[in-house]
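**Q** Spelled out from the first residue to the last, the chains are:
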Amino acid sequence: MRQLPADEASHQPPRDGVAPAHSYLDHGTTVWSWLTTKDHKRIGVMFLGSVLLMFFMGGVFALLLRLELLQPQPSFFDGLTYNRLFTLHGVTMVWLFLIPSIPTTFGNFCLPLMLGAKDLAFPRLNLASLYLYWFGALVTLFGMFQGGTDTGWTFYTPYSTTSSVEVLPVLVGIFILGFSTILTGVNFIVSTHLTRAKGLTWRRIPLFVWTIYGTSIIQVLATPVLAITLALVGLDAGFGIGLFDPQRGGDPVLYQHLFWFYSHPAVYIMILPGMGVVSELVCAFARKNISSYAAIVISTLGIAFVGFFTWGHHMFVAGQSVFDAGAFGVLSMLVAIFTAVKILTWTTTLYRGSIAITAPFVYVAGFIFLLFFGGMSGVALATTSIDIHWHDTYFVVAHFHFIMVGASLMAFFGALHYWFPKMFGRRYPEGLGIGAAVLIVFGFIATFLPQFLLGNAGMPRRYFTYPEQYQPLHVTSTAGASLLGFGFLIIALYLAWSLRWGKVSGANPWGSRGYEWLTPSPPPLHNFHEVPTFERDVHDYTVPEAGHGA
Amino acid sequence: MLKYVLIWVALIGLTVTTFLLSRVPTGDWSIAIALAIAAAKATLIVLFFMELAKHRGASALALGTSLVFIAVVLTLALFDVGLRFEPTRPPGPLVQTLKVGQ
Amino acid sequence: MERELAPQFASVEQEARAWQFGMWVFLSTEVLFFGGLFIAYGVYRFAYPQDFHLASSHMNVWLGTANTLVLLTSSLFVALALHLVRHERSMWATLALVLALLLGVVFMVFKGLEYAEHAREGLLPGVYFASHKLHSVGALQFVTLYWLMTGLHALHVTIGLFVLAWTAFQAASGFYSPRRMAGLEIGGMYWHFVDVIWVFLYPLLYLV
Amino acid sequence: MSPLATEAAGNDLLRRALFLPEQASTLAPQIDFLHYLIIVTTLSVGLTIAAAFLFMVVKYRRRSESDTTPRFTTPLWLEATYFGLPVTLFLAWFVIGFCDYVAFAEPPRDALDVYVTAKQWMWKFAYPDGPASINELRVPAGKPVRLLITSRDVIHSFFVPEFRLKHDAVPGRYTQLWFEAPRPGEHPVLCAEYCGLEHSKMRARVIVMEANAFQDWITAEKAKLVADNGLRDAQPPPGAAQQASLREQGGAVAARKGCLKCHSVDGTAHIGPTWRDLYLRRERLEGGGEVIADEAYLTESMMDPAARVVAGFRPVMPSYRGLLTPGETAALIEYIRALRSRDVTPTPSEGPVYAPASGR
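Protein chains in written order, with my numbering: chain A, 1 to 550; chain B, 1 to 102; chain C, 1 to 208; chain D, 1 to 360.
Wrong hints could be hidden among the right ones.
To be verified - Sample of chain D residues at the chain B side, in silico, Cβ under 8 Å:
(1) Ser44
(2) Thr150
(3) Val170
(4) Gly172
(5) Tyr174
(6) Thr175
(7) Arg256
If you're looking for bench data, these hints aren't it; they were derived computationally from the structure. Everything numeric in this text was worked out from a predicted model, so none of it was measured. Beta carbons: idealized from backbone N, C-alpha and C, even for Gly.
Bound-form chain A, shown alone (with noise of 0.2 Å):
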């Protein structure tokens, strides 16, 4: 999707509703006043329209992988370009689009909103961080095309310390992303302590926000230790310091270590946030406050912090020691049972609701689904004795895309349809939008339920050509992975001609009672005409309100 033009959302005649007048999309429209805005509603919007983008350059790859597995022999490509696509693939969904999704965009958008809030505690910081994406997303992406980069998003250690192909300018793109996912960091950390509005104690804050604060406590202590372990690399890559070389008395496994104890817990940046949305969503669509609020919190901020010591399940056959194996083996577990705890919560959080069938609901309900399944066999895996047949097959790979493209990506876009009026103030048809959501739950199953099976049957990763008996399954996958491809054009069409002719939203289109539709949609400049002063909890429907499920 290409980035919005200022004006469009507000320069058009009524059709019904009040137009939103003077919201922050017409404060300026040049392109030089988004450019240099310090607004963190703009910001948003303007990592939106990046992530998008960088979403659909992902998918393409994604599918033009699937393309080449339909065969067990090559067809399309040869195997380096093969090995650079599924790399590109990695990196992309991962650095580029995953890890800055939510909290960037609807974070950056709704964290002020949602704390009564004119602004981040940074604005220019937030800007900087946006910039420090761009420039990092340009540098990986110039180093993939123009190196070629074919390690997998991993960059394991001897491979590619000693692979001809050059690594040093991705490592350099995505150590310049890692600055940027820590701005942000800070810059949520500060503004959930120090901008939060009068009434809005600890224990009032959204489920959202604590998500995000909890997201960004992970990305300010875990993105570090990205950043030098992939600065080790590089000086390994170029300049031969050797620090991971088994032949210079290095150990590769601590590579993995190190690499682990960032990415384990950065699966956490990129469901974390999800959880959030869905944690609102459930709410709003069936109009009632969370089943319980204590257990969500101390859920969310377990995950953060537990999931900091669970890396070591990535290396169950990698030479790691037994009694290692057994540590993290057990806090593995525990991490399980805050995502557990979570989705049983949701569940209960419908009991005595008043439940409203939308776009968003269903994705809400396809993530806990797939959380739930994407999760149970999270939980397999850290049985240790499984993994050891799993590892690194599609079992790994079914699993992963259950978390991050099943549950991450379905709270992304219900949180695109959720919020899509408050950033825009127009609505997108509702119909539509049911069915494009239905047909990418079963479109994910499709592609993903098969991969299940191909790593019971023993199919490794990263595989190039295959043995002829696992084609059917791969042909499977294919199909659903087409039929996801479809219904995210679908959601690109339906969603770009609602930003011009959907149907004005006006101020709570859902009549939700979170905190950031008190203020108008789209929202003025600087947030509030009048901030408010958060008497209630935030999702308490208990009693009518006026103006309501206009």
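Position chains B, C and D relative to chain A; hints supplied.
**A** Relative to chain A, chains B, C and D alone:
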């Protein structure tokens, strides 16, 4: 004013102490002693020069968390290297010495 | 010339707290950034205790100790600068900051001398290692880690020097006042942090 | 049907439904048992949650746009269940799994040792006392086998789906993996850790033989090896002394023919690239591409220097075609090969050394 100078004197004193202690054979304890002194110095700097003592609790929490995390990673990594199958430990049985020069 | 308060904050005090807290969070990031190297040091030290001990005895402990004293003193001057600004003595604060800056330069010069010495002896990281005295892979890892850790630290010192130069300039132009010194505070915190890292590097690389 | 037969039929049904390959090691049924346990529990819990979800969506569907709902918070006992139930379940699975994992990590003492060396992109299997084979691992049925796995270049992973086993091969180290295959048969070996271009083609097979047949085979292999060695011993081999003398000759040739005017041997670049560490170095070429400076390239550079010039050097070297005898060429190459400095001795190219790996 005096407070800062006194802290500085303490820091210099600790530096001299750790230097002198490194000359005394303390065997396996040497690293523990050196690190304990370093930790004492760091605590002084953080609390008084960086004024953590005056700042809010959340700041101490942030710093504390990062230190705890390093400790946990180091511990688990050491448990890994120390308890691995013997020939898997660095440097492994196949790499022993470095040949330099002719 | 009181600057106007950013709209997202309720008071000047809150804004200053936000900067302080933000800096602490950022420094926690830095702790983990260096942490990666400290972890590598710990693991390799555990794997090659003898080699590390031997290799560390080839470091120039005199220069290292001198540098420790230099940095600690420099830190003192930064702390004094804050104290002086709080008592509205901007010119004295400027002097303290300039002295701190000069000591930082002295640190870098000593470090440079040390690096030159190591280069002559072939105590260089990775493939450039060419020592005639040390022959073990463990010693090679120590030397590599020495360069990485002190190199990263020197990079931070360099950034810190620019920060100090900027705060000295601000102090000289009378920008800081007891009510407006968040910039000086967080700049100073950064410099002290660099000092803290060195406090740990010194025993690990030179003494044990 | 007897309970045993029922169990076997159930096992077979679930195994096929989950697309699992046959169970060809003693550990496989144990690992699969946990797999079945988890999948059955997961599916039933998942269906329960989905049913509850659907039921509530229907029962509590929205009636009007301005509905209010009662405040409801989960009672403590329910929250305790939400926490306690998964905790119990997960930890129970973990205990079962970890017991199997420990069994997998500790080979029996009487296991037959086989050394496995992985390299891009093949597997080499070597038995004590010499016999070795490429991409084909023969093992006796009904006897535990321990694999000591290493790699010559990057990390690989030895994976036999039908044994439900895999372990990474880490360069410079040995990792271990053991199995016992109860029945004779043939099973594919795959590389599970991404290792470069031909990663997906790095395949081998395990051939499980009847114990007697295996004994016959290994005896025959050893006999063959002894015969070969005997043959070699009969003729004086090109021993170390001879190689050293060849190297010395090479140094003399280099001085005599003027090679050293342009090529240094101490690592400094001169008019031509230095010879130190040149052998097997990866060189970038002028005009793009790369070459590994092996015997072929070194010979080519002497005879046709302009053909492939190393980047950063000018093509000024004259051809030595006809100026060097084959013997002199060989001596020069031997000399260059010997000019190795900082490199750690590469892992032995002829398979690993049979030192008993401690740490059982």
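**Q** Against this structure, judge whether each hint is valid.
**A** Against the structure, the hints come out as follows:
Here the hint on D:Ser44 is broken, as its CB sits about 35 Å from the closest CB of chain B, past 8 Å. The criterion of a C-beta within 8 Å of any C-beta in chain B is met by D:Thr150, whose closest approach is roughly 7 Å, and the hint holds. At a threshold of 8 Å, the smallest CB-CB gap from D:Val170 to chain B is about 7 Å, leaving the interface hint in force. With 8 Å as the threshold, the beta carbon of D:Gly172 comes within range of chain B, its nearest partner Cβ sitting at about 4 Å, so the hint holds.
Proximity of D:Tyr174 to chain B holds as hinted, the smallest CB-CB distance being about 4 Å (cut-off 8 Å). Given hint, D:Thr175 at the interface with chain B, holds; its Cβ is 5 Å from that chain's nearest Cβ, closer than 8 Å. Residue-level restraint check for D:Arg256 is violated (minimum Cβ-Cβ distance to chain B is 21 Å; threshold 8 Å).
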